[in-house]
Amino acid sequence: MQSIALVVGTLFGSLINLNHPGNYIHWGFIQMSYSNLLVIILMVIVFFAAILIPFKTHKNKGADR
Amino acid sequence: MTITDPKISSNGQSDLSKSADLPEDADQWTAKIRHVAVEALPPQRLLPDRQPAYVASWIYVFGVTTVAALGVVIATGLVLSIMGPNWWHVSSTGLFVNSLHMWSVEVFFFAMVIHLWGKFFMAAWRGRRRATWITGVISFLVSVGAAFTGYLSQQNFDSQWISTQAKDGINSTGAGAIFNVTNFGQMIMWHIVLLPLVVVALVGIHVLMVRLRGVVPPFAAKGETPGADMAGADSDGATSRAEVLA
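Those protein sequences? They're chains A and B, same order as listed.
According to this note's numbering, the first sequence holds residues 1206 to 1270 in order.
According to this note's numbering, the second sequence holds residues 91 to 336 in order.
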């Protein structure tokens, strides 16, 4: 069990190395970590995806609908 | 208060429910509150089976995602408060629940921000929905406070660093004398008692307001008659039985 955890941990740990001080971007007075910027970009992507991707409905399932 | 003898009907059940609407009881505060509550939010509106056709979009799922994440935040927070810091820092199960608490907060804010953007761009305060919008805004701001006091309650070097950085900001506002971010006892009480109570109360009112006024309809498309897109919404925008899920 421990060896599985070690393999999985190493696999995912190697994708993003977090074992160092955070990286920051500096735009004038704006200072933000790359991880926070990534979350904001993800929110924007999910927001537009939610508007554009069709929502599956129950159309024509019942006569009263 | 009228004391009623609970009679047993022929089917063996108490007859107390029948005495609930006796004319002589109409002046009682319990009857008055019940009538106002049931009139404003009848069961069909409180827990509807159908939604208007315009709700069939992914943008409408982020409100309930936020509420679901809040449920996980509270459930994991309860477990953390029962077990304590030694458990959440040392035990592997404790670390897991601690991470679950943190990631559910991430989902909570992620979904809430998309919900906020969606509602902002559809001007969700239209149709007597100002109270719905305002309770949402205030619960967002209080949630930020709840998250910040959570950073201060971790009991590690991270929380120590954050508290010493935050104290200068708080002191510059003049609130440092009554809100001391380096006082762990005070911060954890704000984090696990006061702010969660306010957030849950505000979210409860917010959801009731959504049920009371209905989900805001989208703007009419160019060339469309204003209001033509409000199928299923009555004069105050609240959804009725005739509403449809397309």
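Hints were generated in silico from the structure; no laboratory data involved.
The C-beta atom is built at its ideal place from N, Cα and C for all residues, glycine as well.
Don't take every hint at face value.
[To be verified] Away from chain A, derived, C-beta distances all over 12 Å, residues of chain B: (1) Val151; (2) Val169; (3) Ser182; (4) Gly208.
[As the list claims (entries may be wrong)] If you want a taste of the chain A side facing chain B, the calculated C-beta under 8 Å gives, among others: (5) Val1213; (6) Gly1214; (7) Thr1215; (8) Ile1250; (9) Val1251; (10) Phe1252; (11) Ile1258; (12) Phe1260.
[Said to hold, decoys possible] Derived DEER-like restraints, expressed as beta-carbon distance ranges: (13) B/Glu114 with A/Ile1258: 56 to 66 Å; (14) A/Thr1215 with B/Ser171: 15 to 25 Å; (15) B/Ala310 with A/Trp1232: 15 to 25 Å; (16) B/Arg135 with A/Asn1228: 28 to 38 Å; (17) B/Ser147 with A/Ile1245: 15 to 25 Å; (18) B/Val234 with A/Trp1232: 19 to 29 Å; (19) B/Trp177 with A/Leu1216: 26 to 36 Å; (20) B/Leu136 with A/His1225: 24 to 34 Å; (21) B/Ala130 with A/Asn1222: 38 to 48 Å.
Against the structure, the hints come out as follows:
no., hint, verdict
1, Val151, "7 Å, violated"
2, Val169, "22 Å, holds"
3, Ser182, "9 Å, violated"
4, Gly208, "7 Å, violated"
5, Val1213, "14 Å, violated"
6, Gly1214, "12 Å, violated"
7, Thr1215, "17 Å, violated"
8, Ile1250, "10 Å, violated"
9, Val1251, "6 Å, holds"
10, Phe1252, "5 Å, holds"
11, Ile1258, "6 Å, holds"
12, Phe1260, "5 Å, holds"
13, B/Glu114 with A/Ile1258: 56 to 66 Å, "58 Å, holds"
14, A/Thr1215 with B/Ser171: 15 to 25 Å, "33 Å, violated"
15, B/Ala310 with A/Trp1232: 15 to 25 Å, "39 Å, violated"
16, B/Arg135 with A/Asn1228: 28 to 38 Å, "51 Å, violated"
17, B/Ser147 with A/Ile1245: 15 to 25 Å, "22 Å, holds"
18, B/Val234 with A/Trp1232: 19 to 29 Å, "22 Å, holds"
19, B/Trp177 with A/Leu1216: 26 to 36 Å, "28 Å, holds"
20, B/Leu136 with A/His1225: 24 to 34 Å, "52 Å, violated"
21, B/Ala130 with A/Asn1222: 38 to 48 Å, "56 Å, violated"
When held up to the earlier numbered hints, the structure conflicts with 1, 3, 4, 5, 6, 7, 8, 14, 15, 16, 20, 21 and fits the remainder.
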